[in-house]
Structure formats: C-alpha cells, structure tokens
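Novice: Sequence:
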Amino acid sequence: MYFKAILLLPVLIGLGGCLGNDTERGIAGAAGGAVISGATGGSPVTGAVIGGAAGYLCRDLNVPGCRNE
175 MYFKAILLLP VLIGLGGCLG NDTERGIAGA AGGAVISGAT GGSPVTGAVI
225 GGAAGYLCRD LNVPGCRNE
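So the number in my numbering is just where the residue sits in the sequence shown, counting from 1, plus 174.
Okay, the calculated beta carbon distance ranges per label pair:
hint, residue 1, residue 2, range
1, ASN242, GLY215, 31 to 39 Å
2, GLY239, ALA205, 17 to 25 Å
3, ASN236, GLY215, 27 to 35 Å
4, ASN242, THR214, 29 to 37 Å
Derived from the structure by calculation, the hints contain no laboratory data. All of these numbers come straight from a predicted model, not from anything done at the bench. No residue lacks a Cβ here, since even glycine has one placed at the ideal position from N, Cα and C.
Please build the complete structure, drawing on both the sequences and the hints.
Specialist: Right, dumping it as structure tokens:
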C-alpha cells in the first residue's frame, strides 16, 4: 500500500506546479493527497499532510515549473 502512495507523490508535486502561489498549491496538494491516499488504502489525513507540504514547499525545493506568478 505504501508503495502505491510513494509512486503517486510525483503526481501531486507535478499538479501542484500548475497553480499560482504557495497557498493554492498547498490546498490542492492536501486535497489530492487525501484522495489518493484514501483510494490506495492509506490514511487520508496523512495523505493530506504530505500532499499539502509537497504543494506548499515545491517552489522552495526548486521543482521545475513551480513558481509564483
């Protein structure tokens, strides 16, 4: 189960880069993380925390395409 969640993490980061600021990416990441984690049998709360952090911090981590407009 955790293997599926780890494989889907890049998807969350990639989708988070399409939004205009850190807050929007954090909210989208949290929502996406909760949905994906719940669908793969994990905890939606944990998925939301990880997805939100990934979305919010992607600009700080220099993920390509993740910048504020």
